[in-house]
Amino acid sequence: MPWFRKDRKPRRPSREKLEIPADAWEKCPECGHVDIRDKFEQALEVCPECGHHRRVAVQVYIDMLTDEGSFSELYNELQSSNPLGFEGYTDKLARALRKAGSHEAVITGSATLEGDELNLGVMDFAFMGGSMGSVVGEKIARLARRSVEERVPLVMVSRSGGARMQEGVLSLMQLAKTSVMISALKRERVPYISVLTDPTTGGVSASFAMQGDVNIAEPNAVIGFAGPRVIKQTIGQDLPKGFQTAEFLLEKGMVDMVVPRVQLRATISNLLKMMQGR
Amino acid sequence: MAFVLDFEKPLVELERQIGHLRRLTRERDLEVDSEIGPLEKKLDDLRREIYEELTPMQRVQVARHPRRPYILDYVAALFTDFIELKGDRLFRDDPAIVGGWARLEGRPVMVIGHQKGRDTKENLRRNFGMPHPEGYRKALRLMEMAARFNAPIITLIDTPGAYPGLGAEERGQAAAIARNLEVMAGLETPILAAVVGEGGSGGALALGLADRVIMLSNAVYSVISPEGCAAILWNDASQKERAAEALKLTAPDLLELGLVDEVIPEPPGGAHSDPERTIAALGEAVRRHVEELAKIGSKRLIKPRAKKYMEMGRFAER
Ligand SMILES: [Zn+2]
Numbered sequence: 039m040p041w042f043r044k045d046r047k048p049r050r051p052s053r054e055k056l057e058i059p060a061d062a063w064e065k066c067p068e069c070g071h072v073d074i075r076d077k078f079e080q081a082l083e084v085c086p087e088c089g090h091h092r093r094v095a096v097q098v099y100i101d102m103l104t105d106e107g108s109f110s111e112l113y114n115e116l117q118s119s120n121p122l123g124f125e126g127y128t129d130k131l132a133r134a135l136r137k138a139g140s141h142e143a144v145i146t147g148s149a150t151l152e153g154d155e156l157n158l159g160v161m162d163f164a165f166m167g168g169s170m171g172s173v174v175g176e177k178i179a180r181l182a183r184r185s186v187e188e189r190v191p192l193v194m195v196s197r198s199g200g201a202r203m204q205e206g207v208l209s210l211m212q213l214a215k216t217s218v219m220i221s222a223l224k225r226e227r228v229p230y231i232s233v234l235t236d237p238t239t240g241g242v243s244a245s246f247a248m249q250g251d252v253n254i255a256e257p258n259a260v261i262g263f264a265g266p267r268v269i270k271q272t273i274g275q276d277l278p279k280g281f282q283t284a285e286f287l288l289e290k291g292m293v294d295m296v297v298p299r300v301q302l303r304a305t306i307s308n309l310l311k312m313m314q315g316r
Numbered sequence: 598m599a600f601v602l603d604f605e606k607p608l609v610e611l612e613r614q615i616g617h618l619r620r621l622t623r624e625r626d627l628e629v630d631s632e633i634g635p636l637e638k639k640l641d642d643l644r645r646e647i648y649e650e651l652t653p654m655q656r657v658q659v660a661r662h663p664r665r666p667y668i669l670d671y672v673a674a675l676f677t678d679f680i681e682l683k684g685d686r687l688f689r690d691d692p693a694i695v696g697g698w699a700r701l702e703g704r705p706v707m708v709i710g711h712q713k714g715r716d717t718k719e720n721l722r723r724n725f726g727m728p729h730p731e732g733y734r735k736a737l738r739l740m741e742m743a744a745r746f747n748a749p750i751i752t753l754i755d756t757p758g759a760y761p762g763l764g765a766e767e768r769g770q771a772a773a774i775a776r777n778l779e780v781m782a783g784l785e786t787p788i789l790a791a792v793v794g795e796g797g798s799g800g801a802l803a804l805g806l807a808d809r810v811i812m813l814s815n816a817v818y819s820v821i822s823p824e825g826c827a828a829i830l831w832n833d834a835s836q837k838e839r840a841a842e843a844l845k846l847t848a849p850d851l852l853e854l855g856l857v858d859e860v861i862p863e864p865p866g867g868a869h870s871d872p873e874r875t876i877a878a879l880g881e882a883v884r885r886h887v888e889e890l891a892k893i894g895s896k897r898l899i900k901p902r903a904k905k906y907m908e909m910g911r912f913a914e915r
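Heads up: the protein sequence lines correspond to chains A and B, in order.
Quick note on numbering: the numbering used here labels position 197 of the first sequence as 235, and the sequence is numbered without any gaps.
Quick note on numbering: the numbering used here labels position 125 of the second sequence as 722, and the sequence is numbered without any gaps.
Take the hints with a grain of salt, since some may be wrong.
To be verified - One-sided and incomplete, this derived list gives chain B residues near chain A with beta-carbon spacing under 8 Å:
1. P761
2. Y818
3. I893
As the list claims (entries may be wrong) - In silico lysine-lysine, BS3-like type, Cα no more than 30 Å apart, as pairs:
4. A:K224 x B:K683
5. A:K311 x A:K224
6. A:K290 x A:K224
7. B:K896 x A:K290
8. B:K896 x B:K718
9. A:K311 x A:K65
10. A:K270 x B:K718
11. B:K892 x A:K224
12. B:K896 x A:K224
13. B:K904 x A:K224
14. A:K290 x A:K279
15. B:K892 x B:K904
16. A:K311 x A:K279
17. B:K900 x A:K224
Said to hold, decoys possible - Residues on chain B that point at chain A, a partial pick, calculated with CB under 7 Å:
18. A771
19. A772
20. G783
21. A843
Bear in mind the hints are in silico, worked out from the structure with no lab data behind them.
All residues carry an ideal CB built from backbone N, CA and C; glycine is no exception.
Starting from the given sequences, assemble the full structure and let the hints guide the process.
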């Protein structure tokens, strides 16, 4: 069974349009195209009409970028505490754990892709906006260090609003922490591919997400340093259409390519093979 | 007209009284020394008292004080033979960052820092010390040059942050900062970073990945400005005191969190009250750290540098 069909609910029997319950329909937020939810799901949440990529769950990327059953999670024992005693943070963490699960804002692990070993990290926007605090920085840095030690390529799928405010400067220093390990990867000539998905901004775009040997963006993802609202406030006018989109970054030379979700696996697998002389 | 912080107003009032008495002594030959003495002591005590109890937001105000020494003031006082180098060789020169060759006690070094302006005109030119990507790329060019010629790198940090504008985004602000971090991690030459004013998030860190990080006692270092944090969390920028408290952004906080190596005390009334003494105190620490780092072989710096950053962060394990 192909990877993208795994764990899907069985298709509802096809009926007349009018008989399908209202909640089984899905509307594309970009072009307004309405279709059966299954159709969106099978297309990896890409609109069959306009190609708009919607945000998808972490597991979708794990399934997409690893061989079936090969992913083994690492560092899940790391848990965020509230190191600064920041008001409200403990509650927010509890809510995020209920909502997104115990893997924090990034899930890290080792796997194979078309039989080749790789270390994979996927950020989870559902966990406090994918924000990077001590745990996220530690997991990514450890994964990169493991890649250095084992000489196994690293793939990071990023999706984050940036550093996690509630851990103050500790969060800021995670930019440096992840960077020292990516720097070691580069020195040791171990391939690193960064996939930037919607949205990747702030401290994450200003560190490991922009440090790939190859930077790949998903179509229509918002990618930038400052958030659109901050820029708008600074310049006192609306942003040009398409500003800070993946396509804009491609044109400006900040990413190597914009790759539709359905081609991501083949593109990464092929790149990693070539970067390892195969 | 001098710039006065709200909590310094009692000091200004006392200074005014002392000045008035002095004038009387001079102009009318009155004998008021016995009155001036106690007032001056009172002024000293009050200044100490105020500055020992600064709230985090008041420290932010001190760190942003327009009479605080700026990078070029440190460069002029602590270094000789400064030769400024300009441009990123790609787009333009960014005056929000200055850098160049200089000598520290005779030793050739590369000194680089954010530069704010003293007046509106200079601030417009220097963009209030908020760099564009070309500023970071200039800094990177200079740092790589320093490493090629075995010169220690000294960075002086004082910025509200990297500039959030259209051009900055178009030219890759995130990519520029990310590149600096990645390259600085691997430079085979000593790097000393000193936070002397505002350490504004990624825009500060882009010059701040170093073997040693030191900080003036009223400097601040934060992931976001207190105003920005308050606006996001409580939808109310006026809650900045509350945010400044929560963010743990003062020099003593950072020392406690293990994120800086040394805090250099400022004079009792803050750096702006006695710039010369502040610059001298920083100079002593800079010379000491550079000397210590220079003794370590340049090839033996990278691993401890990585280890230093790997240890940053606090979390629990299940
Ligand atoms: Zn559509």
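To see whether the hints hold, each was checked on the structure:
Checking P761 (chain B) against chain A: minimum C-beta separation of about 3 Å stays under 8 Å; hint holds. The interface hint given for Y818 (chain B) holds, since its Cβ lies 5 Å from the closest Cβ of chain A, which is under the 8 Å cut-off. For I893 (chain B), the interface hint is violated, since its Cβ never comes within 8 Å of a Cβ in chain A; the closest pair sits about 17 Å apart. Our distance criterion of 30 Å between C-alpha atoms is met by K224 (chain A) and K683 (chain B), whose separation comes to about 28 Å.
Straight-line distance between C-alpha atoms of K311 (chain A) and K224 (chain A) comes to about 17 Å, which keeps the hinted pair within the 30 Å bound. The straight-line distance between the Cα atoms of K290 (chain A) and K224 (chain A) is roughly 24 Å, inside the 30 Å bound, and the hint therefore holds. Between the alpha carbons of K896 (chain B) and K290 (chain A) the distance comes to roughly 36 Å, so the proposed pair goes past 30 Å and is violated. Restraint check for K896 (chain B) and K718 (chain B): the C-alpha separation of about 44 Å exceeds 30 Å, so the hint is violated.
Proximity of K311 (chain A) to K65 (chain A) is assessed by CA-CA distance (about 38 Å); at most 30 Å being required, the pair is judged violated. Simply put, K270 (chain A) and K718 (chain B) have alpha-carbon atoms about 24 Å apart, close enough for the 30 Å limit, and the pair holds. Taken as a hint, the K892 (chain B) and K224 (chain A) pair is honoured in the structure, with Cα atoms around 27 Å apart against an allowance of 30 Å. Between K896 (chain B) and K224 (chain A), the direct Cα distance comes to roughly 17 Å. Compliance with the 30 Å bound is thereby established for this hinted pair.
Taking the CA atoms of K904 (chain B) and K224 (chain A), the gap is near 17 Å; set against the 30 Å cutoff, the hint holds. For the hint pairing K290 (chain A) with K279 (chain A), the CA-to-CA distance comes to about 15 Å; that is within 30 Å, so the pair holds. Distance hint between K892 (chain B) and K904 (chain B) is fulfilled; the C-alpha atoms sit about 19 Å from each other, no more than 30 Å. Restraint check for K311 (chain A) and K279 (chain A): the C-alpha separation of about 37 Å exceeds 30 Å, so the hint is violated.
Straight-line distance between C-alpha atoms of K900 (chain B) and K224 (chain A) comes to about 14 Å, which keeps the hinted pair within the 30 Å bound. Interface hint at A771 (chain B): satisfied, since its Cβ lies 4 Å from the closest Cβ of chain A, which is below the 7 Å cut-off. Of the supplied interface hints, the one on A772 (chain B) holds, with its beta-carbon coming within about 5 Å of a beta-carbon of chain A, less than 7 Å. Annotation: G783 (chain B) was flagged as interfacial toward chain A, and the flag holds, the nearest CB pair being 5 Å apart, inside 7 Å.
Checking A843 (chain B) against chain A by beta carbon gives a least distance of about 5 Å; that is within 7 Å, so the hint holds.
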